[in-house]
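S.K.: One letter stands for each residue in the lines below.
Number of protein chains: 2
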Amino acid sequence: MPDSHYTDVRALHLFEAMDAGSFETLMRGSYVQNFPPQIELITEGEPSDFLHVVLSGAVDLFASWNGRETSMATVRPISTFILAATIKDAPYLMSARTLEKSRIALIPSQDVRAVFDTDNAFARAMVTELAHCYRSVVKAQKDLKLRSSLERLANYLLRQQARAGGAADFALNFEKRRLAAVLGMSPENLSRAFKGLKAYGVQVDGTQVTIRDPEDLARLAKPSPLIDDPTL
Amino acid sequence: MPDSHYTDVRALHLFEAMDAGSFETLMRGSYVQNFPPQIELITEGEPSDFLHVVLSGAVDLFASWNGRETSMATVRPISTFILAATIKDAPYLMSARTLEKSRIALIPSQDVRAVFDTDNAFARAMVTELAHCYRSVVKAQKDLKLRSSLERLANYLLRQQARAGGAADFALNFEKRRLAAVLGMSPENLSRAFKGLKAYGVQVDGTQVTIRDPEDLARLAKPSPLIDDPTL
DNA sequence: TGGCGGAGTTGACATGAATCAAGTTTCACA
DNA sequence: TGTGAAACTTGATTCATGTCAACTCCGCCA
Numbered sequence: 000m001p002d003s004h005y006t007d008v009r010a011l012h013l014f015e016a017m018d019a020g021s022f023e024t025l026m027r028g029s030y031v032q033n034f035p036p037q038i039e040l041i042t043e044g045e046p047s048d049f050l051h052v053v054l055s056g057a058v059d060l061f062a063s064w065n066g067r068e069t070s071m072a073t074v075r076p077i078s079t080f081i082l083a084a085t086i087k088d089a090p091y092l093m094s095a096r097t098l099e100k101s102r103i104a105l106i107p108s109q110d111v112r113a114v115f116d117t118d119n120a121f122a123r124a125m126v127t128e129l130a131h132c133y134r135s136v137v138k139a140q141k142d143l144k145l146r147s148s149l150e151r152l153a154n155y156l157l158r159q160q161a162r163a164g165g166a167a168d169f170a171l172n173f174e175k176r177r178l179a180a181v182l183g184m185s186p187e188n189l190s191r192a193f194k195g196l197k198a199y200g201v202q203v204d205g206t207q208v209t210i211r212d213p214e215d216l217a218r219l220a221k222p223s224p225l226i227d228d229p230t231l
Numbered sequence: 000m001p002d003s004h005y006t007d008v009r010a011l012h013l014f015e016a017m018d019a020g021s022f023e024t025l026m027r028g029s030y031v032q033n034f035p036p037q038i039e040l041i042t043e044g045e046p047s048d049f050l051h052v053v054l055s056g057a058v059d060l061f062a063s064w065n066g067r068e069t070s071m072a073t074v075r076p077i078s079t080f081i082l083a084a085t086i087k088d089a090p091y092l093m094s095a096r097t098l099e100k101s102r103i104a105l106i107p108s109q110d111v112r113a114v115f116d117t118d119n120a121f122a123r124a125m126v127t128e129l130a131h132c133y134r135s136v137v138k139a140q141k142d143l144k145l146r147s148s149l150e151r152l153a154n155y156l157l158r159q160q161a162r163a164g165g166a167a168d169f170a171l172n173f174e175k176r177r178l179a180a181v182l183g184m185s186p187e188n189l190s191r192a193f194k195g196l197k198a199y200g201v202q203v204d205g206t207q208v209t210i211r212d213p214e215d216l217a218r219l220a221k222p223s224p225l226i227d228d229p230t231l
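Those protein sequences? They're chains Z and C, same order as listed. The first sequence begins at 0 in numbering that gives the first Met the number 0 and counts up by one. The second sequence begins at 0 in numbering that gives the first Met the number 0 and counts up by one.
Hints listed in this document are in silico derivations from the structure and should not be mistaken for laboratory results. Among the hints, erroneous ones may be present.
30 Å max Cα-Cα, derived DSSO-like pairs, lysine-lysine [as the list claims (entries may be wrong)]: (1) Z:K221 to C:K87; (2) C:K87 to Z:K194; (3) Z:K221 to Z:K144; (4) Z:K221 to Z:K175; (5) Z:K175 to C:K100; (6) Z:K221 to Z:K194; (7) C:K144 to Z:K175; (8) Z:K87 to Z:K175; (9) C:K100 to Z:K100; (10) C:K175 to C:K144.
Remember, it's a predicted structure, so these values are computed and weren't measured experimentally.
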């Protein structure tokens, strides 16, 4: 990994408090790579050789069984994934693929485990990171199990709007079939869901979305910080 | 907490490597309590005052939104729950209730955070525990999203059989309506699912289950270690 | 011992969402 | 600027599950 990337990675919460020597050890064996969209980065069941860090772009974590497949979570910068598998030295439970063009740091798992054993600050940062991952999955599961597809879309749009700075109109950052997968529904159903949201003042033109009356949409969406607040 | 409980708690992986003084600090403020079935221990949204440890019995983690409720995971001895909320000092994302008569240790969250800051062995143990919790939720989510209710029941029975030592017949440890909630289906549907499993050699008499031909049942259930192995 | 009540079952029906099969629009590229 | 492929939409149908209501079974105890 060229030195220019060191500072980017070092800025991540997971790495910022750790000892300089430990950090150097991790970086020596690691590298950063750019991936195009739709590349499968890891496959469930395989041993966890690398800790992955999404520096930019987005990664979809998904799982398969008996010929079926489902999206589990979306990882956005800047965070790690498969940290749990790495630290337990256990096989991946999920597969991962890039949703967009993404820049990803790969750090050998054995180095991570070695540094974890010696660097206390790193061990502590890892707790915070794992707790965050855990809570993200829980929130995603609540979104999925408690809401209908229409409600999931409504809340997704409100979250996107907030992320985009609160403007009445903003762009979807996925193509629609991808968004459907992320929201756990078929593309056909997403189409119908968008149509259903017209009644709540949502206009869609390609990837451009306009929310006429956020209050109205929120009455349907009923957003809850315990599901929708990414900082919690 | 009477001294007699100290050894039980100390035996847990999370607490076994930590400094004796730190352990003493945690135990001083904590207590063990027996709860009858169906008691709500914590409610989502509340601040995380205590780290809970299930010593015996079983606890259901569930979540609600907009009048709906869903079971998220079942916690069995010996493990903790809401560790992530405790360490982040963030509100609970899930509620918890006892499924059976349960013995639960309650450790003040602020003590846990204080000891976490000073005891390196404890911080490391916490990483393992959190990684385990994370992977448990992921497995539960896979079970739920990828399998039909019939398949979930079939796999549940095979897991129970393994837990009971592999004998052809064993007892369900829940009453059926409770089992239905755990498996994420209505009691009516569970009834139908059991009937559907007759064709695969499953006999049910009250809470007593007999699996005539595990091979046959496994052909339907298609158990996968990446979902069903509790040690992974 | 009769009858009350709760768990469990069963059948009829409603609903949400996936699937299938056409269409239609969009857009890159010749 | 035309054309083909891919993305998207739409309608019809199917499937899994939940819901509602009736009914059985069984134990308990007045």
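S.K.: Quick check: which numbered hints come out false for this structure?
M.R.: Result: hints 2, 5, 8, 9 break, sorted rising.
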